[in-house]
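What follows is the residue order along each chain.
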Amino acid sequence: MINLSLTQMAQGLASGEFSSSELTQAFLDRIQKYNTHLNAFITVTPEAALEQAKAADQLLASQQAGALTGIPLAHKDIFCTQGIKTSCASKMLDNFIAPYSATVVEKLAAAGMVHLGKTNLDEFAMGSSNESSFYGAVKNPWDAQAVPGGSSGGSAAAVAARLTPAATGTDTGGSIRQPAAFCGITGIKPTYGRVSRWGMIAFASSLDQGGPMARSAEDCALLLKEMAGFDTRDSTSMQRSVPDYPAQLNEPLQGLKLGLPKEYFGDDLNPEIAARLQDAIKELEKLGAQVKEVSLPLTRLAIPAYYVIAPAEASSNLSRFDGVRYGHRCDDPRDLEDLYKRSRSEGFGAEVKRRILVGTYALSEGFYDAYYRKAQQLRRLITEDFQKTFNEVDLLVAPTTPSPAFDLGSKTNDPVQMYLEDIYTLGVNLAGLPAMSVPAGQVSGRPLGMQLIGSHFDEGRLLNVAHQFQQATDHHLQTPELDA
Amino acid sequence: MTLEAEDLHKVAHLARLTLDPQVIDDYSQAIGNILELVDEMQAIDTQGVLPMAHPMDATQRLRSDEVTEEVDRDQLQNQAPATEQGLYLVPRVVE
Amino acid sequence: MQWEAVIGLEVHVQLATESKIFSGASTRFGAEPNSQACVIDLGMPGVLPVLNEKAVEMAVMFGLAVNSEIPQRSTFERKNYFYPDLPKGYQTSQMEEPIVGPGYLDIPVGESESKRIRIHHAHLEEDAGKSLHEDFHGMTGVDLNRAGTPLLEIVSEPDMNSAKEAVAYLRGIHSIVTYLGISDGNMAEGSLRCDANVSVRPKGQEKLGTRCEIKNVNSFRFVEKAINHEIERQIELIEDGGRVVQETRLYDPDEDETRSMRTKEEANDYRYFPCPDLLPVELDEAYIQHLKEGLPELPEQKRERFTSQLGLSEYDAQVLSASRPLADYFDRVAELSGDAKLAANWVTGEFSAQLNRENLDIAQAPLAPEQLAGLLKRLLDETINGKAAKQVFAALWAGEGHTADDIIEAKGLKQVTDTGAIEAIIDEVLANNQPQVDQYKAAEPDKRGKMIGFFVGQVMKASKGTANPQAVNQLLKDKLDQA
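Protein chains in written order, with our numbering: chain A, 1 to 484; chain B, 485 to 579; chain C, 580 to 1062.
Looking at chain A on its own, in the form it has when it is part of the complex (with noise of 0.2 Å):
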């Protein structure tokens, strides 16, 4: 029950073949089984879980059930969930209940989906280890002294070990992709406004995206589905009607033009995952789409453009905890400057807090110009350099990560090297495009991931090609074995 597919998975509630309090259960039975260890989950909830799977168990009787009606789910901890913590990974959030839901919590509940709990990720989605949680590291359910990928580490994991068939995560410069590549599962971040950002806690607002993470990419197709849509309440969120993703998944990849961006494949890839990418590119050779090479010269200057913006934007965005309206609060504070001060110097982790004085300093008078203006000057020729290649092919393939997933604690202590790893990433997000990281195989026993890169809005072909490539292949289909 727990490797169907969701499509398998709403076949078999629709025959009675097995109920959703069944297959609820069956999950949180994992989740108490493996939990403690991968520590993917922040808050399970199964009361709550039990009756939602109640609830659509009787409309699935009533024949009132949708395409994901009783099927589970968990959503990262960066959205708000009324009635249920969302602490964003961050002791500045631990007390802090939502008094609304995200729009995507709303639109997938509103599908039916019954809500397992909220996963894991580094502090307000700031990492890709995983590494900074208030709550501990998130274990990569294939190697346990590997990390999971970050920020949406949790949700990866989470998937990866089948303690959910589906999670929701968040990418601001990788954070579905890299975790999924990691994980070895698959995750698409939509284009910029495709999913509403409403009730998602921001962290660089003009780069955050929501997008569904799960094993295959005809999960994701039926998941994008819900969770997209123009909404009101975001000024962001862009007026199109959303596809139907889902129908366009078997559509023929003959006369397709792939784009090999070649600075994706330069000194920095680790030559393993060089060598699995070929023979990825080679099964969508064999499907009918034509190979070519293309250029992004100024994808190295994406991790400085986007060190400057993430940061910036952040270092205002989390001005608002201050301790007074909601969140931690420091004992008695002597008065305003202290309350200020130790309130955010103690809710907030080392990493979160670099960020803020980076994105400070370079907002700062004086700097302004020589970091944030020219950082959104750059954003600007890296977005026209992947409109020129987008004008010669229809897709790009390139690798997700340059490297598997590194182990636990060897880049804690050095940012920058951190930074390094999100090359393949961060292009994407200061672009506003759409990208899946789809498995690829494995080094060592560690998964990767092969990034696809769209153009605006084309995510239905994103997810069509990484559809036809998963059924000429079965890397998506590998499962960790777990240590309970």
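FYI, nobody ran anything at the bench for these hints, they're computed from the structure. The reader is advised that the hints may include incorrect statements.
[To be verified] Below 27 Å or equal to it, Euclidean Cα-Cα: the simulated BS3-like pairs (lysine-lysine) are:
no., chain 1, residue 1, chain 2, residue 2
1, B, K494, A, K282
2, B, K494, C, K658
3, A, K33, A, K91
The hints should help you fit chains B and C onto chain A, whose structure is shown.
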């Protein structure tokens, strides 16, 4: 490259963060390294390039002027560390 | 040495929208603390702003009314600083591309001259909450109801040279925003607030002196006093060999002085940057044209029409056009009565005096323009005389009848113009006052003019004020002189 302690303190104050003395050096070093990475941008000539604040070339949608939000003050203030008579309490603000 | 003051004003106008600039919470004034601060106004995690179309419309209307350029595109920035009444730790405001570009306002100076004050720009932003410093065990209480109320900040060039000019400019802004209906302009409730930048320099010097910003001068009277005080302070300081320090000062109306706010030594560094949650606002030509066509007649245009078309004096036109409700009231009375000058006399005279006596707003006047016009009509067609008109006015004001005609009827105030009837009263009066008649007759002709007043008074009294005074006068003269 390290960030001068004086600059670090100034920035920390703007951000309302206190830095423990024993971590100042770490922060100076780490932030200095980040700034060094960031300085790679200066190699590219961006003169005349319009800064890009949003990834999508879209314009602001306007909301009609209607009261749509209901306020359940008690529920909202359940989240607050200190309130009295419906007010949020902070240490005395001196003007 | 001769000194010249240089003054620029930043006027914050609360826009009269129903809901806030970025949220659907109510903007009503005076509600229970924090009962109108929704999750967006409170800056809860994950909430997002959406711009109120009415705030945009009102800002553009203002821009059009002060001859400003309206840029096709405008953007929002975040101004970052920590303060308890600022829930998000930043104020969403505009800097690089404000909604209203350069414009100007002509203000009256002296008897009939005017001076052009340039407006640098006006921008939209959100208001902050309020800190209440009453004692909560040594704590400050924060009410965020006001947080997110739309503000239009109107920034002038430093084109004013006296406190009087500053007040005239502020009155001009006040009357424009109330004319447009984009603000109630209530300074006591903070709907219109003003910061003044003041500096002094030796007369004739080009270079500007160091300026001080005086915060929160929130009445016309205080603006004048605060600026005058600050000018004097700066001149004294310089003449005593001191130097003006650029700083923010707070006006204390009780002591009539400005005081340094002694902000922390740190210079503010607001780290403005484009707000990533809001996209650029784009306004097309058709939209602006549409608003332009819908603009009401503005004070200046009204004043012009009142003098050139209605023949009012410069003074009456100025008084009547200063506030839109008064101008509208007058316009209506003038139209219905058919005599603008008479309408102006009554609206600026009896009517305004009565409002002042009872401390009423024009909206609270118990007398509708239709009622006043009805009264004036009877005066014009000589149904009543001026004295009776005042009685009718008082009765209408007191609600003793609905129309002037009702009251004239009920009180028998109809003017008597029938000579026969008046003659009968005159005869009676003369008969009852023989000694005075004799005196009159004995008097020199040039003294008689004064003495006749007594008889007029007696006749009017006997007619209960209804006799036509001109007729009485003539008939009395005829009778006394011939007899």
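Against the 27 Å threshold, does the CA-CA distance of K494/B and K658/C hold or violate the hint? The hint holds at about 18 Å.
Are the Cα positions of K33/A and K91/A separated by 27 Å at most? holds (26 Å)
Given the proposed pairing of K494/B with K282/A, does the C-alpha separation stay at or below 27 Å? violated (55 Å)
The structure is inconsistent with hint 1 alone, although it conforms to all the rest.
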